[in-house]
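Novice: Going down the list, the sequences are from chains A and B.
Residue numbering for the first sequence follows full-length UniProt numbering, starting at 1 and increasing by one per position.
Residue numbering for the second sequence follows full-length UniProt numbering, starting at 1 and increasing by one per position.
For the record, the hints were derived by calculation from the structure and aren't laboratory data.
Just to be clear, a hint being listed does not mean it is correct.
The list treats identical chains as one, so a pair stands whether inside a single copy or across any two.
With a straight-line cut-off of 25 Å between C-alpha atoms, the simulated PhoX-like cross-links for lysine-lysine are [as the list claims (entries may be wrong)]:
no., residue 1, residue 2
1, K7, K18
2, K7, K131
3, K36, K56
4, K78, K41
5, K36, K7
6, K36, K78
7, K18, K56
8, K131, K56
9, K41, K131
10, K131, K18
11, K78, K7
12, K7, K69
13, K7, K56
14, K131, K36
15, K41, K18
16, K131, K69
17, K36, K69
18, K41, K56
Number of protein chains: 2
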Amino acid sequence: MRNFEEKTIASQTIYTGKVVQLQVDDVQLPDGRAAKREIVKHPGAVAVLAITDEGKMVLVRQFRKPLEKTILEIPAGKLEAGEDPGDCAARELEEETGYRATGLTHVVSFYTSPGFSDECLHIYQAEGLTKGEVNPDEDEFVELVECTLDECLERIQSGDIMDAKTVAAVYLWQARVSSGR
Amino acid sequence: MRNFEEKTIASQTIYTGKVVQLQVDDVQLPDGRAAKREIVKHPGAVAVLAITDEGKMVLVRQFRKPLEKTILEIPAGKLEAGEDPGDCAARELEEETGYRATGLTHVVSFYTSPGFSDECLHIYQAEGLTKGEVNPDEDEFVELVECTLDECLERIQSGDIMDAKTVAAVYLWQARVSSGR
């Protein structure tokens, strides 16, 4: 493996917000030339792949200001400082959907936009779902939607599901179903 | 479907860079309360799901400054202003890997981080691959890696593949192989 490291020459914090921090770095490329890198720091997030006893995926519809529209996603939320991702997954699942899980197992973690952000998203699989009360965050307005695998695949085709973590979760579910696991 | 729209009261552009633009909006929530939304505007990107005649996925290893490490991803790149995503996919595939495709078919589009960014990523499937010269962008340093499906799944398990679009592409490939398509 060759060394492609970009050495930091200078780093400037442009903005520190509630969710993200914007930083611009001057770097030296492997060939010695200079470049700028715009970096959005993010605390990380979790999402939950939850399939009901009826074989339906638990989804939430919510308004996303960056898109100026409501989209369909698996339950998810930002990590609080120092919070265990598994605890966060359990909390977000219950707050957004009312479902409680007897167990949550880590499935996969990935960087959502490694070109400009360090956000890492951890997907957990929920087991033993039971339905309770919906209790969303103060500034969160969500609607519960439950879909079969075929419905999820149709919604990906039609553009009704257009969220990276949700697309990944649906394909993973499809791969498991197709391979009989 | 209920209306969860967040009305913009004020919008401030904090930073305009080469890749991203940071904007902070004051919004009115559906219940009338006020909140702030931090929004990272991005031109969008494409990525290519390319499987060689030997049944291997075409990947590139590259340094990602936000993560301060090299990661393994499917070939991808930012959209230029007004560029057709299919043309961009063909260009990035050839620049980064040396592979040319006789055809590129749109598979899926998704928002990578809808909570804070409008980045939309379009995945194309490449057909009819032929190998030519690698010719990366001036400030891009990439290494070609080719992996079987089993190797990709192992690399997801081990954390060697930790990129959202690549994880989604591998699961899609697995689902297709498992269902015999």
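Novice: Kindly indicate which numbered hints from before are broken by the structure, ordering the numbers from low to high.
Specialist: 2, 3, 7, 9, 10, 13, 14, 16 and 18
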